[in-house]
Each structure stands twice: as structure tokens, then as C-alpha cells.
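A.B. asks: Sequence:
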Amino acid sequence: MVSSGKILYRELTNFPAWKVSTIASAIKLTVIQIEYNLLQRTADREFRSMAEYFGLGTMIYSPLAGGHLTGKYRRRERTDQSEFD
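When we follow our numbering, the leftmost residue of the sequence shown carries the number 45, and every step to the right adds one.
The set of hints was computed from the structure by calculation and includes no laboratory data. Keep in mind that this is a model prediction, so the values were computed, not measured. Just so it is clear, CB atoms sit at the ideal spot from N, CA and C, and this is done for glycine as well. All the pointers check out, no bait thrown in.
Now the in silico label distances, taken between C-beta atoms and shown as ranges:
| hint | residue 1 | residue 2 | range |
| --- | --- | --- | --- |
| 1 | Thr114 | Gln77 | 19 to 25 Å |
| 2 | Gly115 | Lys50 | 43 to 49 Å |
| 3 | Leu56 | Leu113 | 23 to 29 Å |
| 4 | Arg92 | Arg118 | 27 to 33 Å |
| 5 | Gly110 | Glu55 | 20 to 26 Å |
| 6 | Gly101 | Ser47 | 16 to 22 Å |
| 7 | Leu52 | Gly115 | 38 to 44 Å |
Generate coordinates for the entire structure from the input sequences, incorporating the hints supplied.
C.D. replies: Here you go:
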């Protein structure tokens, strides 16, 4: 399908680095998509050097950790009043 022009780029997402490495050894990949934010830093340890070695582009998703880095999910301060008072 790549040779016929129906697929322009091969991409993987949500695979562990060892599987991406195995697949990239067998077929030419273009880009990997990984979760990356201040809470999820797996890319620094696992994907960075592997992507450089295979010449893969990197796209990230969930840069705000599903809203956890926006302040939306703060711990409520304890008070003597209930939330219904």
C-alpha cells in the first residue's frame, strides 16, 4: 500500500519502546506518537535514543496529563463545613 501511494506515512502509537524497535527493524516507520508530559516522562528514558537511532519523528499527546496539570483536579481543602452548607 505504501508503494501504491495509498499510505504515505507509517506510524505507531501506544507501543512500548522494545516493540517499536523490533517493528522499526523490520519495516520503515516515519513517526511514533507517545504520551509525554510532566507526569509521564517515559519518553526521556525509553523512546528518545531509539527514535534518534531509527530516524523517527516524534509526536506527543496528552501534554496536560488529561487535565491534571491544569489545576482542575486540586485536592479540596478540608474545612469544618460540608460541601452542601
